[in-house]
Every structure is written in C-alpha cells, then in structure tokens.
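Residue numbers (our numbering), protein chains in the order written: chain S, 1 to 265; chain B, 1 to 170.
Quick caveat, the hints were computed from the structure, so don't treat them as lab data. By construction, the Cβ of each residue, glycine as well, lies at the ideal position given by its N, Cα and C atoms. Be aware that a few hints might be false.
To be verified - Derived DSS-like pairs (lysine-lysine); straight-line CA-CA distance at most 27 Å: (1) K34/S <-> K74/B; (2) K69/B <-> K34/S; (3) K69/B <-> K89/S; (4) K34/S <-> K109/B; (5) K51/B <-> K34/S; (6) K89/S <-> K109/B.
Claimed, not checked - If you want the footprint, here are the derived chain S segments under chain B, 3+ residues with CB under 8 Å: (7) 31-37; (8) 132-143.
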Amino acid sequence: MSARPATRLRVVAVLLLAAALTVAVAGGASGERKQSGNLIVALRGRISPLELARGHPTPVHLRLASTLLTSDQTALPRVKRLEVGLPTKGSVSTRGLSVCTVRRLRNATSKGALNTCGAARVGHGVATTAVALPGQPAFTARARLLVFNGPRRMGHRSLLLHAYSERPPTSVVVPFRLARRRGEFGLTMAADLPAALGPWLRLAGFRLTLGRRYSFRGRRQSFLSATCPIPRRFTAGFFSLAKVTYTLVGGRQIGTAITRSCRAP
Amino acid sequence: MRTIEEGSRPLKVAVPLVLAALALMAGLGTAAAAEAPTRHDYVRRLEAICKPDALATQRVMSGARGDVKAERLKVAAAKFAKATSIFGGTVQKISKIERPAADRQRLRKWFGYLGRQERYLTEITVKLRAEEAIQAQRLTARFIHNGNLANNVVLAFGFEYCSFKFSRYG
C-alpha cells in the first residue's frame, strides 16, 4: 500500500520527463530552413514572455539563432552583409539608455567592453565562424557577442555588435543600422561585415538575445516591446517573428523567415 | 537414366528467354529513366505552376489578418475558402507532373503533407465560418507546423513559390 504513492510519483515524473523531452525536441525542430544551391540557412527564434498584453506594449526579450551550412560539406561562402528583419509592430526604445561608441569598444575583450559600455548593453550571444587559413585544416572559432546601444547615424538608431574570440584572439565591432521600412519585417537591423575580417573567416551562424529593461527618470523602460493584438475570443495569434538575410560576396542572397505565436490572457 | 546433357536441355531454352526478358525490362527501365525529368527540370516546371497560384493566394488573402482582428470571421472564412480552392488546384496540377526517379519517395511524402495542408485549410474555413475561434486558432497552429515539415522534406529542391510561407496567408 505504501509503495503506491511512490509509484504514482515515479509515473508522474516519467510522464513529465517525457513531456519535457517532447517539448525540447519540438523546440529544437522548430527552426525553419531554406536551401539555395548547396547553401542552407536555418533560423530559430522566440520571444519571451510568450504571453503579451493585447492593447499595450509588454517588455520582451527576443532570441534568435541562425546557421549557415553547405549540403555537401564544402567551404562556406563569405558573408558580406547581414540583415535581420523584425515585425513592424515591435517597438524599440532607447530613451534614456546610455550610448556607446565604436572607439570605446575597439580592441576590447568582452570583459573590457562590458566595463566600458555595460550601461548601454542591449543584447548578448555567440557567433560561430569557420576559419580556413591557407595550408591549414579549417577549424571552428566561437566569439562572444555583446550588443550595445550606439549613436545615431544619419538619423537612424544604431546598435554596436562587439565580437570577441579568445582563440584566435580577435576583437571586432560591427555597427548595425536600425531602420524602419514598409513590409511585414518593417524593423530592420543591417550591417556590412568589415572587409578587414579577411577572406579566411566565414560566418557559420549566430545566437543572439536582445532585450534590456532599465529605469529612466523613475520609470521602467524596455529596449524591446511587443503586443499580441488579437480579438477577445482568441487566446493566441500568429505572426512573422523574424527574417534573416545573408548577402554573400558576389551579391547572392539567401534568407529565411520564421512564424511564431503569442498568447494573450 | 537422365544424363546431364538431357537434363540441361530445358535450361538451354530458358536461359535465352530469361536474358531476353531481362534485356526488355532493362530497356523499359532505361526508357522510363530517360523520360523522368531531372530535379532541376522538375523544380522549374513546378515553380511555373506554383508562382501564379501563390501570387493569387496572396491577393485573395489580403486583409484576412485584419478581418480576424476585427472579428469579421465570416469575411476571413470566405478568403480562406478561396485560398483553399487555389491550393487544391495547385496540388492537383503539380501532382500530375512526372517526378524525378530518385526523388519519388521524398515527393510522395511531400504530397502527403500537401494533402494535409489542404485539409487544414478546409477545416480552418469551416471553423471560421462557424465562428469557432479557438478551433480555428488550433488548426492554424497545426497548419503552420505541417507547412514547415513539408518544406523540410523538399529543402534540397530550393522551392520558392511551391514552398509553404505563412506570410502568404494574410
């Protein structure tokens, strides 16, 4: 008799574990992929929290992960430009947020960058690159990414992406322009990758989390906010969350978009 | 007593017959392989069919999202009905195209997903017409998921207009 509750608990634990695994697998497989020639681009992402207010913006964090790979294991092409499109209805606020400059981040380690510009940080992540030096076998290098609120450039807001790799020791600052345009991905973050990276470094993917909550004049602010504008009788809505476009050397482009859902109480 | 020679007489007749049959089958196989299109040709032919239909879907679904937001579910249902009809027509047209021999199994799986997509679209239409919002919402989630699974099956084909894009549906 006394063994029954323990057995029940075990069954519940196994069921919960199975459910967790199912969710994990489903989450892992939820990335959308697109292939052009031998090049495959994949994008995964989500916003948190999933439950948003219907009428007014809720502070959110956005997670994106994108991978570039070749179907035949050949070397990746060089990426010249990276563009991330976000929903037009998402809002970005940098009101009262500290501003960092390229000069302050140049040649800094991740720790150094945080010491100098920590107050302006709006995101973090990891970039993966394939390094193919002549006469050496190719290897993978990972760089820690930090994203900072940058100064306005020609009327547009900017974000500064600081990438630092310990092996090989490399520090790069890439300014992204934040702009609005027409279309479903009306909020764009775009940057030309510096030619100074050289011909041997090939971007193979990135993981990025964007979001920051801060106070300004006693009021809570959020770098990213979103709403879930669905009618009362619905509990969830679907929207195009993000689109990533890689422009390769030679002008060819490859990209993919993802659709996700939001919930409203 | 049967000698070996006597016993092999039927074999002598059978061997050329089998060889002839094999040669005929091989010949037929070669002819079939010659007729089957390459993946590149197949993609080109399908895209030519899918493109006008994908654009038409985008046109008829224009504003559907706004209709749902404004709770004009019956108006949205009418748009979904048109999109379902276009989708069904496209699937019917592309299913008649000769498939590349090496991709037949994969394409059978893809067409299975497309059939399911059509059923989801039909069901979404029915639920929207009946103003059963939650049911329509659940089916939409399945429709998107199934569409992504379909895309993954034919990833290597590099379809543009024949691939599933939720953005086409309003």
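Enumerated hints in conflict with the structure, sorted upward: The structure conflicts with hints 1, 2, 6 and 8, although it agrees with all the remaining ones.
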